[in-house]
Amino acid sequence: MSDSSRKVARRPGFGIGLLKGLAVTFKHLFKHNTVIQYPDVKQELPPRTRGVIALKEENCTVCNLCARECPDWCIYIDSHKETLPPKHEGGRARKRNTLDRFAIDYSLCMYCGICVEVCPYDALFWSPEFEFSEYSITELTHEKEKLSDWMATVLPPPELDTGAAMPDEERVLAAAAARSGDPAAAPEQPTAAPEQPTAAPEQPTAAPAASTSRGAALAASGQDPDAVYERVLAEETAKGSSDRVATARAKAARMRAIKGTAAPGITPPPSAQTSGEEATPPPSASPATPAATAPKPSSAAPEQPVTPVRAREGFPVPPDPGSLVANVRIPAPGPNPPLQVTEDAQAVYDKVLAEQLRRGASPGVAEARARVARLKAEQGIGRGPVAYDEQPPLELSVPATTSEPERQPAPESQPPPEAPARNPEPSTPARAEMPATPAPLAPAPALGPVEGEDPDAAYERVLAQEIAKGSSERVATARAKAARMRAIKGTRGPGG
Amino acid sequence: MDLVINPWLLLLVKVIVILSVLPLAALVGGYAEHKVMAHLQHRLGPMYPGGWHGWATTLADAVKFLLKEDLVPDAADKRVFGLAPAVIMVPIVMIYLVIPVDRNLVVENLDIGLFYLLAISSVSSIGVLMAGLSSGNKYSLIGGLRSAAQLIAYELPIVLAAASVAMLAGTLSLVGIVDKQHWMFALWPPGIGLVAFLIFTLSAVAEMSRPPFDMPVAESEIIAGPFTEYSGMRYIFSHMFPEMGHLVAFAAIATTLFLGGYQPVVPWAPLAVVPGFVWFLAKTAVMVFVFLWVRPTFPRLREDQLQAFAWKVLIPAGLGLILATGAWVVYVGGA
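As they're listed, the protein sequences go chains A and B. Sequential numbering from 1 applies to the first sequence in our numbering. Sequential numbering from 1 applies to the second sequence in our numbering.
Fair warning: there could be bad hints in the mix.
No more than 30 Å apart at the CA atoms, straight line, and that leaves these computed lysine-lysine pairs for BS3-like [said to hold, decoys possible]:
#1 A:Lys-481 - A:Lys-146
#2 A:Lys-31 - A:Lys-20
#3 A:Lys-20 - B:Lys-35
#4 B:Lys-68 - A:Lys-469
#5 A:Lys-27 - B:Lys-35
#6 B:Lys-312 - A:Lys-20
#7 A:Lys-481 - B:Lys-68
#8 A:Lys-146 - A:Lys-95
#9 A:Lys-481 - B:Lys-64
#10 B:Lys-35 - B:Lys-68
#11 A:Lys-31 - B:Lys-35
#12 A:Lys-42 - B:Lys-35
Chain B is faced by these chain A residues, among others (derived, beta-carbon under 7 Å) [claimed, not checked]:
#13 Gly-21
#14 His-28
#15 Leu-29
#16 Val-35
#17 Thr-237
#18 Ser-241
#19 Thr-247
Label pairs and their in silico Cβ distance ranges [to be verified]:
#20 A:Gly-15 - B:Trp-268: 24 to 34 Å
#21 B:Gly-82 - A:Arg-48: 57 to 67 Å
#22 B:Tyr-48 - A:Arg-244: 35 to 45 Å
#23 B:Pro-49 - A:Ser-133: 37 to 47 Å
#24 B:Pro-49 - A:Pro-120: 48 to 58 Å
#25 A:Asp-40 - B:Asn-6: 47 to 57 Å
#26 B:Pro-49 - A:Leu-45: 23 to 33 Å
#27 B:Asp-74 - A:Phe-130: 40 to 50 Å
#28 B:Gly-82 - A:Gly-470: 28 to 38 Å
#29 B:Pro-49 - A:Thr-477: 52 to 62 Å
#30 B:Gly-82 - A:Ile-467: 31 to 41 Å
#31 B:Leu-9 - A:Gly-15: 45 to 55 Å
#32 B:Val-290 - A:Pro-167: 56 to 66 Å
Just so you know, these hints were derived from the structure itself, not from any lab. Glycine is no exception: its CB is placed at the ideal position from the N, C-alpha and C atoms.
Bound-form chain B, shown alone:
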């Protein structure tokens, strides 16, 4: 991109783009979740707001939440309580900094993009823990602790799967990783890529606290977990936006690491006509659908089942994956 423009202006554009991604993801993703879940269950979902198939539902929801009263419990630690939504929100916004939508369409092409991504995406769990501890509510506390335990348990498999990708690609730059993939899974030796993708996807569902791994916010047990005491605007910033922001972010990360990002699905010349960002967005949409599809399909697990699955299955599998990848890189030759 050889545009000669004022760097400050460029910065402003970047900031605006990044800040608008999350609300957009929340509105579109929220609508998609309503509709996909409804149709998976033989329902129609929202049909009235906006006129056409209820397209303005999430917009109306957002307006409703913005107009609600902002309540802070007496027993809450008010400063931490007020700070928690920001700690949850900001890291999720910052995830989108390094995701390459097209080869040249990336806000910051960091050399350590993957490292940055993994680091920043786990910060928001601290915000969730803050919310749980500061609410002065036992359900919030239980939810916060569950969230922390889940973070520790599922961050490891994600890191292992991502490390496997980095070893094969030989770089931590996300643009570099995508460029090494000629098409979906083309980078990966047989088996390794698929296992890494599975481990990553399962852990991502847990990391997002989405069903069937949504014990931190299990409404039938602990109301809304750490977000029980939040209302109005704070609820949007602590739960609604982060939920959808996380969803889209992890779909985009999975697209980048495993599905070839902005590359065409198969290396066939005519497909190259389609611009890269279209490929990226289409693949991300498919991943979002997969995450939404899982939700109405499976019932929620128990907390101990969740932990057992991480420590007994995913983490050993991830360690084995690292071993296998290392062997492949050394003896067969990586990228």
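For reference, chain A alone in the conformation it holds in the complex:
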């Protein structure tokens, strides 16, 4: 005790330091502990948590940057080209990439976030959800449907630090609001635009649409965006739309009023058309002109009040500033219908919203968390692990791909029909030592019992063999399990 080996000069304290140490720990006895009882109490993770990566499918242009930058090569993208007929008589046919498959193998992903950083069109987001473990490693590959489902759990970005530069989207919005806020300035604005070509890149899509828009007319007539909001909200409520839909459409209408863009599927009044036409700047530098007008068939109108442009229907355009913000704040509802409603989702929403506001969360965060809670309540997510027996049988079928991805090492002998290699580069050397067997990812039972044996059949066969050989029960089970896994993955066993 008095023989401390420290080189620090010490004064003889007669154990006072020891008593001080005891006092420190004793004080901590009465401090509130910091433990969060995790499975019972879940921490509210901040918006930038690296939990799982969500895909906003309509923003993806199949540029493949994410897949190429991924250090683990765990992103699989398949696409094909479609030719769109010319929009106008004598126009040129356009080609466009269409996403067929977007999958992330979370058994390989190391959560570095490079794909999210590198995506030029904000198609990938971090979601704080992290509880997506599976009983089978093959189910950790999330296809685009599942990745899109995660989109609903993405939280809005954190507030900016004080004094930080305003992001581009906000700046453009503010500028647009400032312009349309002044009714007298609104008609002059388009005429001013051709003289300032530098202003065009700021709003490449909004500017051409502004000409034919009811919103522009409204703005020109001095319609207050908030009045538009109230009116649309009242209309939608009268139509019997759900609260959420009504709010979303009202918000979209307000946004259109601010920016002066047209509502989808609304034919502008002729008077507005003529007056807008001559005032429209021909945006010569903007390549998005056909694209911006393309997604405005009337069919697109009712479902998507917020993001009128969807990749499936038109060439994916660089989203206009308004929907960039909307991308984050109002994620589209997941394509999957609610599995089963076991709890009043709206009650959950209200409860979480009130709870969050009471605890001082910002309105955006509070709303997002409430939305996530409602979604979970609707889909029955997050109710603890599902027992293994209740899991659906292992489904390994991969959506059919129309084009073979380039960087997949295709086996020479017989390429598996629809089985992109799950283990791209890292595991190929190990596999090269084995007999050159095609590695069917999903050996259908129809392929025959020799190569593509049914995993469960393989399990039973090996178990019986091992028991016949006199192996202990544990060893037999383990070997049978290994055989099943090999059958699933299509690899050969040791020795054979």
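Use these hints to put chain B onto chain A, whose structure you have.
Positioned in the frame of chain A, the structure of chain B alone reads:
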């Protein structure tokens, strides 16, 4: 206690009581250790077993250990290996024989209670040494030898401190010693009692091989020392039960010798209403807490620091204490 009962029945009751003290101490003490250490470190400790704050944790632990496979290493000296847990356990059980929980609530009120106590409490170290030597494991051997060295080094200060108490009280009977204390430390002349208490407590921590004096079982150096090769039930009997049994026993001994045992904290008449065993148990609990409190506070010492502290500080201090006590008894007058 003027109960007229069959002496054999009385014996049976005594045996049952004594045998149940150690498991009880291990279960309650183990739970207390989990919880106290956790809260000292801003944690919660076990929360699930049993429902309420994990109260059944140690019970579940015990069941788990009882169900485990009993392994004996090939290289072990099997008879000694099997005997060692008993040699460790039995003396600790026997410590509780002479501790007076209340004036009349003592299993055996021996006239040489203090002598018996000091003698029996050091026997279990022989069991630890047996375990270390017989395991056929170098870490066990190192741990066993460390344990023996620690026993020799720290038994002396304990004996000196206890002898000082006996000199002042003029008796070796534990009930007699407690009766001489009117309240905490009242028996002791200024300074002597406090120094004796400090020497006793520090040595007790070392005697129990608890941190910061737990080199015999230092897990970062020698795994679990003498108990490395023990598993299942034998591990309970060689390590878990003795650890907690020792802890509670030394807390009870310190209560008896220095804190006035079953007497009230201060000689104030209204306090006498509270029964003696409540005082005893409360003081023992405080002492247990002190032992538990020390563990997460201080880092483990080195083996040479441990020995140097005993031989250079505690034993000279104990000898000086004996001198001072003798002078006090002769010139001022003891009890």
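Numbers of the earlier hints that this structure fails to satisfy, in rising order
17, 18, 19, 23, 29
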